[in-house]
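The hints should help you fit chains B and C onto chain A, whose structure is shown.
Below, each chain spelled out in residue letters.
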Amino acid sequence: MNNIEARLAELGVVLPVASAPAANYVSYVVSGNMVFIAGQTSVRPDGTMLTGRLGEDLDVPTGQEAARYCAIRLLSQMKAACDGDLSRIKRVVKLGGFVCSRPQNSGADIPKIINGCSDLLVDVLGEVGKHARFAVSVPALPRDAAVEIDAIVEIDG
Amino acid sequence: MNNIEARLAELGVVLPVASAPAANYVSYVVSGNMVFIAGQTSVRPDGTMLTGRLGEDLDVPTGQEAARYCAIRLLSQMKAACDGDLSRIKRVVKLGGFVCSRPQNSGADIPKIINGCSDLLVDVLGEVGKHARFAVSVPALPRDAAVEIDAIVEIDG
Amino acid sequence: MNNIEARLAELGVVLPVASAPAANYVSYVVSGNMVFIAGQTSVRPDGTMLTGRLGEDLDVPTGQEAARYCAIRLLSQMKAACDGDLSRIKRVVKLGGFVCSRPQNSGADIPKIINGCSDLLVDVLGEVGKHARFAVSVPALPRDAAVEIDAIVEIDG
Chain A
1 MNNIEARLAE LGVVLPVASA PAANYVSYVV SGNMVFIAGQ TSVRPDGTML
51 TGRLGEDLDV PTGQEAARYC AIRLLSQMKA ACDGDLSRIK RVVKLGGFVC
101 SRPQNSGADI PKIINGCSDL LVDVLGEVGK HARFAVSVPA LPRDAAVEID
151 AIVEIDG
Chain B
1 MNNIEARLAE LGVVLPVASA PAANYVSYVV SGNMVFIAGQ TSVRPDGTML
51 TGRLGEDLDV PTGQEAARYC AIRLLSQMKA ACDGDLSRIK RVVKLGGFVC
101 SRPQNSGADI PKIINGCSDL LVDVLGEVGK HARFAVSVPA LPRDAAVEID
151 AIVEIDG
Chain C
1 MNNIEARLAE LGVVLPVASA PAANYVSYVV SGNMVFIAGQ TSVRPDGTML
51 TGRLGEDLDV PTGQEAARYC AIRLLSQMKA ACDGDLSRIK RVVKLGGFVC
101 SRPQNSGADI PKIINGCSDL LVDVLGEVGK HARFAVSVPA LPRDAAVEID
151 AIVEIDG
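Heads up: the sequence lines are chains A, B and C, in that order. 1 is the number of the first residue of the first sequence in the numbering used here; add one for each residue after it. 1 is the number of the first residue of the second sequence in the numbering used here; add one for each residue after it. 1 is the number of the first residue of the third sequence in the numbering used here; add one for each residue after it.
In isolation and in its complexed conformation, chain A is listed as follows (with noise of 0.2 Å):
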């Protein structure tokens, strides 16, 4: 077990096998030594999806959860991209990161939910955990989902 399967097993995180979309995309396509991460919904380890829509019915503490969900989901990508071996990550380079929202204004929620994702990303992967982003609000995501975000991340070749 090296450190980073360490520090998920210390977070009691448990990445789960990485979906296979029933469709004609896929998960992730690796391009030379980068990996495109296909969007990641916020769905819980129990399977079910976490929806909501800020303004509405969904508050920053569970937006946050979902984007932590999201970020599960990511290292499950990235785990499978790197044969299972989450230490060739050299960096994660890029996160878009969409927050189910009304037209409302919603301030500092839409980063502060999305820092859910990027705050596990850093604890779990340290300093190559550290990306560029974006962070929008959409009215409406796939499934309900509250949060959606896709990743471009570098690994060794």
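Derived from the structure by calculation, the hints contain no laboratory data. Treat the hints with caution; some may be incorrect.
[Stated by the list, open to error] In silico EDC-like links for lysine to aspartate or glutamate, alpha-carbon gap of 16 Å or less:
| no. | chain 1 | residue 1 | chain 2 | residue 2 |
| --- | --- | --- | --- | --- |
| 1 | A | Lys130 | A | Asp144 |
| 2 | C | Lys90 | C | Asp156 |
| 3 | C | Lys90 | C | Glu127 |
| 4 | C | Lys112 | B | Asp144 |
| 5 | C | Lys130 | C | Asp119 |
| 6 | B | Lys112 | A | Asp144 |
| 7 | A | Lys112 | C | Asp144 |
| 8 | A | Lys90 | A | Asp156 |
| 9 | B | Lys130 | B | Asp144 |
[Unchecked claim] To list a few chain B residues with every Cβ distance to chain A over 10 Å, as calculated:
| no. | residue |
| --- | --- |
| 10 | Asn3 |
| 11 | Val43 |
| 12 | Arg44 |
| 13 | Val138 |
[Stated by the list, open to error] DEER-style ranges, computed between Cβ atoms:
| no. | chain 1 | residue 1 | chain 2 | residue 2 | range |
| --- | --- | --- | --- | --- | --- |
| 14 | B | Lys90 | C | Gly107 | 33 to 39 Å |
| 15 | B | Asp46 | C | Ala20 | 32 to 38 Å |
| 16 | A | Val13 | C | Ala20 | 24 to 30 Å |
| 17 | C | Gly107 | A | Arg102 | 21 to 27 Å |
| 18 | A | Asp156 | C | Asp83 | 24 to 30 Å |
| 19 | C | Glu10 | A | Gln104 | 38 to 44 Å |
| 20 | B | Val14 | C | Asp85 | 43 to 49 Å |
| 21 | A | Pro21 | B | Asn2 | 26 to 32 Å |
| 22 | B | Asp59 | C | Glu127 | 41 to 47 Å |
| 23 | A | Gly107 | B | Asn3 | 51 to 57 Å |
| 24 | B | Val17 | C | Gly126 | 52 to 58 Å |
| 25 | C | Gly47 | A | Gln104 | 50 to 56 Å |
| 26 | A | Asn2 | B | Gly126 | 33 to 39 Å |
| 27 | B | Gly126 | A | Val13 | 34 to 40 Å |
Ideal Cβ positions, reconstructed from N, Cα and C, are used throughout, including at glycine.
Relative to the frame of chain A, chains B and C by itself:
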């Protein structure tokens, strides 16, 4: 005529001349062996825009048709980036899919609509057409398009 | 002072010190010769946020001004990524443009607004400033920004 052009003919898909935006941006940029294609909106073969919004006046089949038009325009740009030879495409790496929508619970509609693009790309290009993607909604799109999709594509250098 | 700095001076554009987010994400990540810049919001030179939403309290000229502020902040990050030498920019590859909007029919307004960013980049950088982009709307942005724009930039290694 290579296999890809034959498949396009078989499907009755005529690629329009790749459009050139009249502004300080361009339809694609080639960087190394990666092509970054600008967001393509749901323009019909006759040049009119397929407009609409989920929860108002857009249903799933029409949304899928819109996404298919985006795919055709993406293929046009890929062809231009490959100097006319679509067999130079090594992999469609990533799509970013935006569907115009009310803030309603749209359940499975968003990914179903973007499948209209994913399916045509794989139908035309086969395995190399399989891509990572995100699928989200937005309140409004340029020229009131129903769908806008951008892409990252790896080509033979 | 190189040509690009001269052009900035001529335009009266003063690049602020590149901001460093106080979180587990960073303003840019360099991977190979590609720089991935985090979404930059429409912060005025005096540090206040230009807020607003299309269909409510944002018109096109003000939106363009907002997008221009995003461009200035993107240029600051590019300069930081190039150790202060903007002539190391080989190409602005891709912009992702988000405009805060009601779910109204905003016709040509979204791309017109993002042109405020595209135009300044090309005005300052010339041909290497020409980029692919998407331009979409969203219901809300961090700190109620009117516009947020991220970028991928190729630099001399």
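Status of the hints after comparison with the structure:
1. Lys130(A) with Asp144(A): Violated, at about 28 Å.
2. Lys90(C) with Asp156(C): holds, 6 Å
3. Lys90(C) with Glu127(C): holds, 10 Å
4. Lys112(C) with Asp144(B): holds, 13 Å
5. Lys130(C) with Asp119(C): holds, 9 Å
6. Lys112(B) with Asp144(A): holds, 13 Å
7. Lys112(A) with Asp144(C): holds, 13 Å
8. Lys90(A) with Asp156(A): holds, 6 Å
9. Lys130(B) with Asp144(B): violated, 28 Å
10. Asn3: holds, 18 Å
11. Val43: For Val43(B), whose nearest Cβ neighbour in chain A is about 22 Å away, the distance exceeds 10 Å, so it holds.
12. Arg44: Arg44(B) is indeed farther than 10 Å from all Cβ atoms of chain A, at 22 Å.
13. Val138: Per Cβ check, Val138(B) is inside 10 Å of chain A; nearest 6 Å; violated.
14. Lys90(B) with Gly107(C): 33 to 39 Å: holds, 38 Å
15. Asp46(B) with Ala20(C): 32 to 38 Å: Between Asp46(B) and Ala20(C), where Cβ atoms are some 50 Å apart, the hint is violated.
16. Val13(A) with Ala20(C): 24 to 30 Å: This hint holds: roughly 28 Å between Cβ atoms.
17. Gly107(C) with Arg102(A): 21 to 27 Å: Once the Cβ atoms are compared, 23 Å apart, the range 21 to 27 Å for Arg102(A) and Gly107(C) holds.
18. Asp156(A) with Asp83(C): 24 to 30 Å: Cβ of Asp156(A) to Cβ of Asp83(C): about 26 Å, so the range 24 to 30 Å holds.
19. Glu10(C) with Gln104(A): 38 to 44 Å: holds, 41 Å
20. Val14(B) with Asp85(C): 43 to 49 Å: holds, 47 Å
21. Pro21(A) with Asn2(B): 26 to 32 Å: holds, 29 Å
22. Asp59(B) with Glu127(C): 41 to 47 Å: holds, 44 Å
23. Gly107(A) with Asn3(B): 51 to 57 Å: Once the Cβ atoms are compared, 53 Å apart, the range 51 to 57 Å for Asn3(B) and Gly107(A) holds.
24. Val17(B) with Gly126(C): 52 to 58 Å: violated, 27 Å
25. Gly47(C) with Gln104(A): 50 to 56 Å: violated, 24 Å
26. Asn2(A) with Gly126(B): 33 to 39 Å: Check passed, 37 Å falls within 33 to 39 Å.
27. Gly126(B) with Val13(A): 34 to 40 Å: Once the Cβ atoms are compared, 37 Å apart, the range 34 to 40 Å for Val13(A) and Gly126(B) holds.
Hints 1, 9, 13, 15, 24, 25 from the list above are not met by this structure, while the remaining hints are.
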